[in-house]
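Undergrad: Single-letter residue listing:
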Amino acid sequence: MKAGWEVVIGLETHAQLTTASKIFSGAATTFGAEPNTQASAVDIALPGTLPVLNKGAVERAIRFGLAVGGTIAPRCIFARKNYFYPDLPKGYQISQYEQPVVAGGTLAFLLDGEEKVVHLTRAHLEEDAGKLLHDAVPGTSGVDLNRAGTPLLEIVTEPDMRSSAEAVAYAKALHSLVRWIGICDGNMQEGSFRCDANVSVRKVGDPKLGTRCEIKNVNSFRFLEKAIEFEIRRQIEVIEDGGKIVQETRLYDADRDETRSMRSKEDAQDYRYFPDPDLLPLAIGADWIAEIESNLPPLPAERKRHYVEHYKLGAAEASFLTSSREMAEFFEESVSATLRTLEADVRFVDTRETGVARAVCNWLVGAMSAKLNETALTIDQSPVRPMAIAGLIHRVFDQTLSSRTAKDVFEVLWGPQGDPPTGGRVINVSVHEHANATDAVDAIVEMRGLKQISDSGAVEAAVDQVMAANPKLVEDFRSGKEKAFNALVGQVMKATQGKANPAQVNAILRAKLG
Amino acid sequence: MHRDTLKALSAQLAARKVSSVELTTHFLDRIERAQPVLNAFITVDREKSLVQARAADARIAKGDVAPLTGIPVAHKDLFCAKGWRTTSGSKILSNFVSPYDAHVIEQFDRAGAVILGKANMDEFAMGSSCENSAYGCVRNPWDTNAVPGGSSGGSAAAVAARIAPAATATDTGGSIRQPASFTGVSGLRPTYGRVSRFGMVAFASSLDQAGCIAKSAEDLAMLLDVMASYDPRDSTCLDHPKDDYVGGLARGVKGLRIGLPKEYFTKDVARDVTDPILAAVEEYKKLGATVVDVSLPNQGLSVPVYYVLAPAEASSNLSRFDGVRYGHRAEKYTDLMDLYKKSRAEGFGPEVKRRIMIGTYVLSHGYYDAYYLQAQKIRRLIARDFTEAFAKCDVIMGPAAPTVAYDIGSKVTDPVQMYLDDLYTIPINLAGLPGMSIPCGFGNKGRPVGLQIVGNYFDEARMLAVAHAFQQATDWHQREPKGAA
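Chains as they are written, first to last, in my numbering: chain A, 1 to 514; chain P, 1 to 485.
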């Protein structure tokens, strides 16, 4: 951001709800079906057809409202938003205008270690439109109404965000939340989760909001960031050149990395909203809300607090572990699996939960997330399951494995993705074939000869060998260069292929160096 | 046969004195003769009707007989019937063959009734004279120079001319009661939500109500028994228990309190209409009813309120007729906007366009509060008037229309004057109440006069009994026009 300028961002997100059928008809909502095979008489708006509200869509909206601490309207109404377009079969979209199902609420997230809170204005239910296929039918445009009537929750924020990074962090937190509570699959490629960003700039200290532009339908976090960045630069340039920002709707072109004007305020439609007379006002009873609340999974914020307070993890770590419900569940399963395997071992009867949680967290933040990034898999697709994590931790705790060799075992457990990790030999190890968490790990340790060398004689021999081969380092250390010590440790570890117990190496080396 | 009541026809069919094929053929022949004069139908399909009649005969042969099995019924052309052209009186739907049945059609089908044809109507049910049909105006069987009333004019004319034993109809502002009054037949608009709107081409959703037209209250009771049922496909259809409409007819009117609103008997109502109505009230007194004065102070506002709300809803409901998916599409157009404009300009008639314009205006930004919102508030006041009146009486009586049927063409140039004629029916629709019109005499030029009976919510059984008592004591409902078919 150019100095002296401030950006103000508000986001409108359309989250497609996970109902099996549409919001006002019984037609299916499956993505990718043949055009117009999932459109009923209601969806194509045959004369005489009427909407019937899908209770599941309302339930998901309430779920969301509860998760963000918003107010659930005891009575909400559906309105018609009237405009003509070929993908809008009724000539109006059923949406909510006055009295939306959810009002208010907040979403908190970490940005560079700092907690940010974004206030939500509202979340309302509406139906999606169909889509036009400009290339499917030669010489004319086709209309596919499969998507028409798909339930959406439109989540609108206050203009609370002050940078593209903050907007993206909010969008990611929201994405994680809607998936966490199971109301949206979050599939951005399929358009299940798409954002419109309202962006304006002003001079720092100016209390008045600048004229905003709305960037429509951005369907990836990266594009959201780039689109906002472009828009900020554009707006500042226009103003600095003595121009004025025109309120308008803009489209982001990812190929050119720019936003383009779509329509200005002057051609803004008059939507002629009015309550839909085909749908009665919806009364939402306190008992229904209570029932939904009782079925709500523990929320990420709650989990995060638990991880920090109970497991003594850092805020950033807790945020990472609660970035998805699957991640949190994997973490918790791994912790309990580790505790179970350690409990069975007389040597670890008093192992603290905090130590185990820390170890699991390190695995997930470290090796696991590196692997997931590399393979573009999600945690629930990881071939290394919580049982295996427990086995690895057990064997590190009992010093069978060093942290280095444990990572090698992890690689083998992950399996033959690309090149086999070592020796060209594929070892097929399924944790499920083994009764105990440690069995699979032990099998690999055995096969690869990765057992940590804790025999003091063997370590001593290795230390002697390294000292003899590196007189310069020994001398450096003796003349006061502490760094040389670490280099010597490294040499010993290398000589033992990482199998030596590092604590032991340290002790023996210290003793020998005098 | 065409003079028989539904009950009589049903008995003849059950006793196999006549077959449904014979009965249907008889009425189809009468329609054929009357059609050039009355133009009461938009679509008649002899073969389709006879297929159903044969099926009904097969059902009767097996002893599976419901009260309407084998009886041919005309349907207003805004009820979607599978395989039948459903035009709603509009050119824009001239080629629309419905792929599905309206709830009402399903109910008649289940009862074994036969679709006799699709009755003519004002385009999209907009009108009170049946001069607004894209398929030509309907004539009144009593005097072919007169309008039959609208918008269910085809249904009313068909029953009056005895070319259909019964017909379905709809009532948004009086479209059942006013044509029933103009053609001397009995018409019932049930409580809003009593009959499903599913499959009814929408005009103004919060006011539209399916009902029926027949020769007598007894026939209406049989029809309502078939039509009234809960349908989860219409969110505004109420799951309210059905009464025994036929069985309750004989309960009489002893002790009945008739409310006469002073607003219904002003100088705005022609003497030739008021006189037969007051005579009918006298008849009720003889039968044991008492009369109380009631007032509906806000009813004078009902016409302006209606002509804000109904067009507002219509402008939105009619957006789907855009030439994109079905219905009329202009042959030549330059771009998308041109396709919309030309298809709609060619497809809609002037009254429909007028109301779309009014509706678009009153919903527009800056006018919504002044018109639509204000009208909604007054609508509540009008409904409250009735609640207060019904605290004092059981039914309200008055005229269904301020005049008898007028001459074709006499009011077409003054739509506002025509709108004002609905003053006595519209408040009932705004309140969502049930209303009826039954013949009670003749006025100017020997044209029929209808007595309007308004009941409380879901009080159709009582209203039918009240109408039945009158028809047991008088024979107005048996009078029929000469030589229409």
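No wet-lab data here; the hints were simulated from the structure. Don't take each hint at face value.
Below, a list of computed lysine-lysine pairs in the DSSO-like style, where the Cα atoms sit at most 27 Å apart [said to hold, decoys possible]:
#, chain 1, residue 1, chain 2, residue 2
1, P, Lys-392, A, Lys-131
2, P, Lys-392, P, Lys-262
3, A, Lys-203, A, Lys-265
4, P, Lys-392, A, Lys-81
5, P, Lys-377, A, Lys-81
Undergrad: So, for every hint listed, does it hold in this structure?
TA: Verification of the hints:
A distance of roughly 57 Å separates the Cα atoms of P/Lys-392 and A/Lys-131; the hinted pair therefore is violated under the 27 Å criterion. Restraint check for P/Lys-392 and P/Lys-262: satisfied, since their Cα atoms lie roughly 14 Å apart, inside the 27 Å limit. A distance of roughly 23 Å separates the Cα atoms of A/Lys-203 and A/Lys-265; the hinted pair therefore holds under the 27 Å criterion. Between P/Lys-392 and A/Lys-81 the CA atoms are separated by roughly 42 Å; this puts the pair beyond 27 Å, and the hint is violated.
With a C-alpha separation of about 21 Å, the suggested pairing of P/Lys-377 with A/Lys-81 holds against the 27 Å cut-off.
Going down the numbered hints, you'll see the structure goes against 1, 4, while the others check out.
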